[in-house]
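Engineer: Those protein sequence lines, which keep their order, are chains A and B. Every letter in the first sequence is one number past the one before it in our numbering, and letter 339, counting from 1, is 339. Every letter in the second sequence is one number past the one before it in our numbering, and letter 177, counting from 1, is 177.
Keep in mind the hints are simulated off the structure, nothing from the lab. Note that the structure is a prediction, hence the values are computed from the model and not measured. A few of these clues could be false.
It does not matter which identical chain is used: a pair holds within one copy or between any two.
Said to hold, decoys possible - DMTMM-like, lysine to aspartate or glutamate: derived pairs with alpha carbons at most 25 Å apart: (1) K320 to E269; (2) K273 to E94; (3) K320 to E335; (4) K323 to E269; (5) K336 to E296.
2 protein chains.
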Amino acid sequence: MDSINPNFRSRAGKRSLNPAELKAGILKGDRASLSRALTLCESKLAQHRELAEELLQGLMPHTGNSIRIGITGVPGVGKSTFIEAFGKELIEAEHRLAVLAIDPSSGRSKGSILGDKTRMHELSQDTRAFIRPSPSGGSLGGVARRTRESILLCEAAGYDVILVETVGVGQSETAVKNMVDFFMLLMLAGAGDELQGIKRGIMEMADLLLINKADDPKDPRVKLAMGEYKRALHLFPPNPNEWIPKVQACSALQKSGIAEAWEVILSFENQQKNKGYFEAERQRQSLAWFEESIGELVLEQVRSGSNYQAAFQEIQSLVKEGKLEAGVAAHRLVEKLFA
Amino acid sequence: MDSINPNFRSRAGKRSLNPAELKAGILKGDRASLSRALTLCESKLAQHRELAEELLQGLMPHTGNSIRIGITGVPGVGKSTFIEAFGKELIEAEHRLAVLAIDPSSGRSKGSILGDKTRMHELSQDTRAFIRPSPSGGSLGGVARRTRESILLCEAAGYDVILVETVGVGQSETAVKNMVDFFMLLMLAGAGDELQGIKRGIMEMADLLLINKADDPKDPRVKLAMGEYKRALHLFPPNPNEWIPKVQACSALQKSGIAEAWEVILSFENQQKNKGYFEAERQRQSLAWFEESIGELVLEQVRSGSNYQAAFQEIQSLVKEGKLEAGVAAHRLVEKLFA
Chain A
1 MDSINPNFRS RAGKRSLNPA ELKAGILKGD RASLSRALTL CESKLAQHRE
51 LAEELLQGLM PHTGNSIRIG ITGVPGVGKS TFIEAFGKEL IEAEHRLAVL
101 AIDPSSGRSK GSILGDKTRM HELSQDTRAF IRPSPSGGSL GGVARRTRES
151 ILLCEAAGYD VILVETVGVG QSETAVKNMV DFFMLLMLAG AGDELQGIKR
201 GIMEMADLLL INKADDPKDP RVKLAMGEYK RALHLFPPNP NEWIPKVQAC
251 SALQKSGIAE AWEVILSFEN QQKNKGYFEA ERQRQSLAWF EESIGELVLE
301 QVRSGSNYQA AFQEIQSLVK EGKLEAGVAA HRLVEKLFA
Chain B
1 MDSINPNFRS RAGKRSLNPA ELKAGILKGD RASLSRALTL CESKLAQHRE
51 LAEELLQGLM PHTGNSIRIG ITGVPGVGKS TFIEAFGKEL IEAEHRLAVL
101 AIDPSSGRSK GSILGDKTRM HELSQDTRAF IRPSPSGGSL GGVARRTRES
151 ILLCEAAGYD VILVETVGVG QSETAVKNMV DFFMLLMLAG AGDELQGIKR
201 GIMEMADLLL INKADDPKDP RVKLAMGEYK RALHLFPPNP NEWIPKVQAC
251 SALQKSGIAE AWEVILSFEN QQKNKGYFEA ERQRQSLAWF EESIGELVLE
301 QVRSGSNYQA AFQEIQSLVK EGKLEAGVAA HRLVEKLFA
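The following block holds chain A by itself, in its conformation from the complex (with noise of 0.2 Å):
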């Protein structure tokens, strides 16, 4: 019970949990305690959770100084040395840079490809930099909710950018796109969109998409790869916020082209402010967040109710043998738990 008491004080061995010390360490900029901070959050026990949300809501006005980046392409793209490289430019230029992960299946294969730390080695050796593996297990939904308060609890800490990666083959993207100011696509050229299991809802969420591992600035299939997601871009409708989405091409390994993305971030986040359409989006990030919530939250308090379970599995077996329709049943099901 100790480890969860909010008035423990820290000791030797101990970690403490309360609030206000974590607040306090995390707002020095102190990486222990924003480590232990991001346990906290990913934490399922229900006193964490209160212990957590405590903490997040003592940092929200400390919250949102920074510019966060989705970044998603498929597994052997070039992202880890994209990462490296431009977290290497950014820290050189005074920033200080946190790099979160969502990959969802990283519950299931224990021990997640993504956010680990010996495929940024520099980085990781940076105290400038901040490097944190995905959340594992659970849904997706879980998941986001944990690399979403991690984006809040880095800001509090002084990171002023904040890179989200994620695999570009399944559903994640959408969830970070939604908890991101800017979301960049890495392709590769000459590859083939079908080769690279990109959809086209995914380049369609991109602000910036950039061609890795153009380490030749005379191969042809650059520029041919370039003109052609060009086209491509212009083929979806406009976007609300007047971005006009960019295409480009680097070279994580040669270092080139990397400075350019940066530069697109920056406009972008210039011309975003300027038009009023940043706060706009952010806010309206945050409410569409507190209406899934709410979703989610009613849905697990109804089904810990007591007489859920019961009510629940006489109903489905209704269903199970075909005797009730499965609307009809859901229906009576909610009626009675409701009564």
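Using the hints provided, position chain B relative to the given structure of chain A.
Structural biologist: Using the frame of chain A, we list chain B on its own:
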């Protein structure tokens, strides 16, 4: 009020919504009763819903005796012409065919392009076929529920082949896949997957991939496309139901390849029934639908509570102003609602 009184007897100019009368009419195969029942199930009035559920429940023992076929493909692939040719062969072979549609966009555009009787002129004039446009308006979930109920009503009315049509560009495919036994995807040869807007995920769902408009049997593009799609399908993991998806060509215009497509469906049904997967999958679908409906109805119930709107708006405004973290806010609201 008369029109929703279950004891109200039908009279000229007034349509009976009495579940017992509708049930008797449907079991006789009366098309007018079926149409009226479908309209009843599409109604959003709470009293209509009660009658609809009573009717569905009464018809449950008479449902299930059909093969449910989903059909998709982008606009222009020739779905209507295919369904017309396919349907005519079926009714000539003494089958009774119902054509339903899911088109969540039909609410917006006020007038669905799907299920339009003028598109399937000959079929719509034949009493052995029954064509119903997509229910309009509302969420995909709502449209899907109503289509699911339509399947049951059509089965009770004696239709033994149910076609559920959708457009191959959105999320409605997943909804259809989860309410049918067999899923077929119409494609064109030589158009390229990109141009056809077909996502990998949709190809992965197909039990039969049918290349339509193969009007010239010597067209090399047809053979090429068939080979390509066969190779693509081999890359997907094997189906748990042991079915190996087929790739075939047809010409709805020349009426070639239509009987062969039906043969594939019959051999699928036969194999799946022998191996016990057929009923197992239907049960899985019902249970999944049951669970999904619970979630929707619980939220509906909570949202319609007398104290919901005020509590929601109070907390939402704190989220809007950035004073309350979205997840924390949702937690507070739910605690308040269930206090």
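Engineer: Look at each hint and say if it fits the structure.
Structural biologist: Taking the hints in turn, this is what the structure says about them:
1. When the C-alpha separation of K320 and E269 is checked against a cutoff of 25 Å, the pair qualifies only between copies, where the shortest distance is 21 Å, while the shortest distance within a copy is 53 Å.
2. Taking identical chains as interchangeable, the C-alpha atoms of K273 and E94 lie at most 25 Å apart only when both belong to the same chain, with a minimum of 22 Å there against 66 Å between chains.
3. In this homomeric assembly, K320 and E335 come within 25 Å of each other (Cα to Cα) only inside a single copy, at 20 Å, whereas the closest approach across copies is 33 Å.
4. For a Cα distance limit of 25 Å, the shortest separation of K323 from E269 across copies, 23 Å, qualifies, whereas the shortest one inside one copy, 58 Å, does not.
5. In the homo-oligomer, the alpha carbons of K336 and E296 lie at most 25 Å apart both inside one protomer (20 Å) and across protomers (15 Å), since each shortest distance falls under that limit.
Hint compliance for this structure: no hint is broken.
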